[in-house]
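S.K.: For reference, the chains in residue letters:
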Amino acid sequence: MDQGSRRPSPDPANQTVVHGAVDPRFHLAAIVDNADDAIISKDLNGVVRTWNDAARRTFGFTAEEMIGQPILKLIPPELQHEEAIILGKIRAGQRIEHYETLRLRKSGERIQIAVTISPIRDDTGRIVGASKIARDISDRKRMERLLVEAEKLAANGRMAASIAHEINNPLESLMNLIYLARQNSPVGSKAHGYLVTAEDELERVSHIARQTLGYYRDTGSPASLYVHDLLDNVLTVYRSKLTSNSISIDMRLDDPQKILLSKGEMLQVFSNIVANAIDAMPRGGVLTICTSVADGPRGKGIEVVLRDTGAGIRQDQLERVFEPFFTTKGEVGTGIGLWVARELVNKRGGSISISSNTQQGASGTQVTIFLPFDTPAPDGDGFNKLRTEAS
Amino acid sequence: MTGHHFPSLSYVEPDYPVFLPVLQPDSSRRRAEAALRVLVVDDDMRIADTIAEVLQQAGFEAQAAYTGDSALQAAASFRPDCLLSDVLMPSMNGVELAVTFREQHPTARIVLISGQVGISEIIEDAERRGLHFQLLAKPVHPRILIEELRKPSER
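Line by line, the protein sequences are chains U and W.
The numbering of the first sequence is the numbering used here, which starts it at 1 and goes up by one.
The numbering of the second sequence is the numbering used here, which starts it at 1001 and goes up by one.
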């Protein structure tokens, strides 16, 4: 926690000198105020009565902003029913221990907290409210998730490697056989027509196999090429899908300079982002693609902006889109597309960022990729090669 | 038809063989100008055979082999312009094959093809030893393979 911003608190030692005797409540007040955990009390109607400094740090609201306000202000809309259950338990004299849930910060950001809630009794033993000790566990949860992901990733890598061989080999023969069958069937015959379609379908399967089985990471030595050519390539692959989803393309290409890139890897980057844009616009829309020469932290380079007019991604989800296995697409998402994209862009020494708007009428997601003309310094693995071939 | 007479030129069987040109679409023309010889190696026989056939139809002279050893043997007489080999094969892998092949046929081009993730280590290891091989990802569409092989060698 950030210790620096902590407010100076009353010094109990000084209090002793002034009053001659220590009132234990001063100790308590100091402890509460210095605690790392948010300590809040509320009455039986769920109205906040006290609010310590850690609560301010955790939730972003000051004591003045929260005291007298309903605690519901902190609870996300879909979890508001929790408060009735909590108050019910408190009235029955029960304590709620280490309950993990989501709460809202003043900024609207969602945080994961662990909370312990106990009844507060007056002198006669009557329950008059509840004390709530909350700890922000977002960081811990994030670490846990990353650990699980690292594990999944390793397993996934091993599986992909073994599946790749088993799938790509039969696909290779199949593609050759269908190609030969088409070449040897009379043009214009029904069989020829079927084989043309079969070949297209097979090309789709192959494309998916190459993508999801992560082949692109291994291919291609870097070559000097135009980014707009790569984008053209990607759009060709998705042309029929774009058309059938009524998505129009707005291209503004201004990258008259070639750049040293690994073609396969960059194709993968752009196609993952275009695929996301298509999924984001099931009822049509506009995919805008702009390229330009821009200044970055590592000198000049090419900036590519891909923007869709889909529903947008919620702020709390947006922060996680580059994490492996995080997907907003439910069952159809693999959760590796943007993660792979970022890995590949970083490997090239570039940067990738995302912004999104969920406001109706202005919604959409924008991905910005910057690729510097200079290739990365030869310190990381794989970079040596890039460097050698650049010189 | 009854009242009609063909010119009275009776057909006489010639006493020497006549060879008429057999027109094969596309392929024979290309063979005349290029006729690149490609040795295709894959332990998956079906892949080696179908690639060889695809290449033959496209005007290459192609031969299939199913192991590194038999590929080296075949290369001695076939003298390929290009070796197109799978990477992961039992007993002798594609890179080992390529290394020996290059010693014996220093001017021939070498293209490796693989469907396996993780072989980049084999390739990187070879590059550290100063060997540069072109690598294609399986499945590669026949059209792309043909285009690739028609391109002048990268070396």
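Hint data in this document are derived by calculation from the structure and do not stem from the laboratory.
Keep in mind that this is a model prediction, so the values were computed, not measured.
C-beta: ideal position from N, C-alpha, C; glycine also.
Hints may contain errors.
What the hints assert, rightly or not - Examples of chain U residues lying across from chain W (beta carbon under 8 Å, computed):
#1 S138
#2 D139
#3 N168
#4 N169
#5 M175
#6 L180
#7 Q183
#8 Y194
#9 I208
#10 L242
#11 S244
#12 S246
#13 D374
S.K.: Report the numbers of all earlier hints that the structure fails to satisfy, in ascending order.
M.R.: 1, 2, 8, 9, 10, 11, 12 and 13
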